[in-house]
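2 protein chains.
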Amino acid sequence: MQLLQAILPRLSFGVVAAEAARQATPGYNYGHATLARAPYSLADLAALQKALLFGDDDVLALRQSAAILADQTDAILDVWYGFVASTPELVVFFGNTRTGEPDPAYLEAVRKRFAHWILDTAEARYDQTWLDYQYEIGLRHSKFKKNRTDGVQSTAQVNFRYIPALTIPITTTLRPFLAQKGASANDVERMHAAWVKSVLLQAILWSQPYVREGEF
Amino acid sequence: MQLLQAILPRLSFGVVAAEAARQATPGYNYGHATLARAPYSLADLAALQKALLFGDDDVLALRQSAAILADQTDAILDVWYGFVASTPELVVFFGNTRTGEPDPAYLEAVRKRFAHWILDTAEARYDQTWLDYQYEIGLRHSKFKKNRTDGVQSTAQVNFRYIPALTIPITTTLRPFLAQKGASANDVERMHAAWVKSVLLQAILWSQPYVREGEF
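Each protein sequence line maps, in turn, to chains A and B.
For the first sequence, my numbering gives the first residue as 1, with consecutive numbering after it.
For the second sequence, my numbering gives the first residue as 1, with consecutive numbering after it.
I should point out that these hints are in silico values taken from the structure, not numbers from a laboratory.
Check before you lean on any hint, since a few could be wrong.
[As the list claims (entries may be wrong)] One-sided excerpt, in silico: chain B residues whose CB lies under 7 Å from chain A:
{"no.": "1", "residue": "Leu48"}
{"no.": "2", "residue": "Ala51"}
{"no.": "3", "residue": "Leu52"}
{"no.": "4", "residue": "Leu53"}
{"no.": "5", "residue": "Gly55"}
{"no.": "6", "residue": "Leu77"}
{"no.": "7", "residue": "Tyr81"}
{"no.": "8", "residue": "Ala109"}
{"no.": "9", "residue": "Arg111"}
{"no.": "10", "residue": "Phe114"}
{"no.": "11", "residue": "Leu131"}
{"no.": "12", "residue": "Ala165"}
{"no.": "13", "residue": "Arg190"}
{"no.": "14", "residue": "Lys197"}
{"no.": "15", "residue": "Glu215"}
{"no.": "16", "residue": "Phe216"}
Beta carbons are placed, not taken as given, at the ideal position from N, Cα and C, and that holds for glycine.
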């Protein structure tokens, strides 16, 4: 094992370690057979990517960001959680409906999965497994499944309007982290633009459970 | 009047001319008393702007873009219409359901209002009148009012998913036009970021008619 660690590139070892951490995270069901099949197809995804000008260069830019972000997820989440905590309109969705206060255990459980989401987004696998997990994430924000994963008593839903909106704070605050490891200004710009498209794409997929039958 | 023209700054004269053109455009009902009141309030708007990190500097940046874009709207629309025409997934929403072909009169009628929309967005007035018109625009994309303004036979709706998605092509293709009049790279970046936020904000408001009761 010592030899294995010595000869594997640092990134590959990081990926193996990250995968073990993912599987140990409560509620992180990416790839689980229990997940429902997404109500949108890979062809729908391809059409949406076209409308978003999302191309092969964006996939490469996202994957370039994976190695840059891998050891920064905690610092990124500190910034994101700071923003949510200081915005009453958002922190309410983490509120315990009995105490009226934010639920620390709920915040922490979501935070662990959020760290994996950063790397999932950067890894940019757009296959059926990924699509099905996007649907699950959407359900968990909506009244269909919110609170159930973590067994909490909180608001019935995250209101639709905030889901696409969060594209902006997430990608704006990410930008300095993309620049932390010496990438050129042009590459930081490419990675940032790819992140904006990918997060907006996901926010659209997550919105499906909120949209009236036949209108998505 | 000659004296008046001489002493008024060019921009003010442009605004007066633009206002006359707006009022002469069929279906451009901004500020009309016939419009329904938006189902979201100015307080809802302020909360959404906060979640989008949309601040006073974005308002200034949008207004800076107004003078830059004022005489470029036709060229911008050539690019946008070129993108729609070359994307079957989008041009279908301009299709005549009897012929199966894009309807040139429909495309042209929307284009005239689209030019005003560019300047409306750049002028960044976020009042009740603006809010009510955003609601009207949303209705006109959805099955509630699509085709009615122009008396056309076309698809029943623009599917929800494409509304937030269009934030990207609109703002990506706008960027070179923001740089056309000698603004600094930093100002172009500020204006572009403000446009992304504003278009996404509008796309969220336009989505309201698609979202299930009580979930917006």
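Cross-check of the supplied hints:
no., hint, verdict
1, Leu48, "holds (6 Å)"
2, Ala51, "holds (4 Å)"
3, Leu52, "holds (5 Å)"
4, Leu53, "holds (5 Å)"
5, Gly55, "violated (11 Å)"
6, Leu77, "violated (17 Å)"
7, Tyr81, "violated (15 Å)"
8, Ala109, "violated (22 Å)"
9, Arg111, "violated (19 Å)"
10, Phe114, "violated (17 Å)"
11, Leu131, "violated (13 Å)"
12, Ala165, "holds (4 Å)"
13, Arg190, "violated (13 Å)"
14, Lys197, "holds (6 Å)"
15, Glu215, "holds (5 Å)"
16, Phe216, "holds (5 Å)"
Taken one by one, the earlier hints fail for this structure at numbers 5, 6, 7, 8, 9, 10, 11, 13, listed in ascending order.
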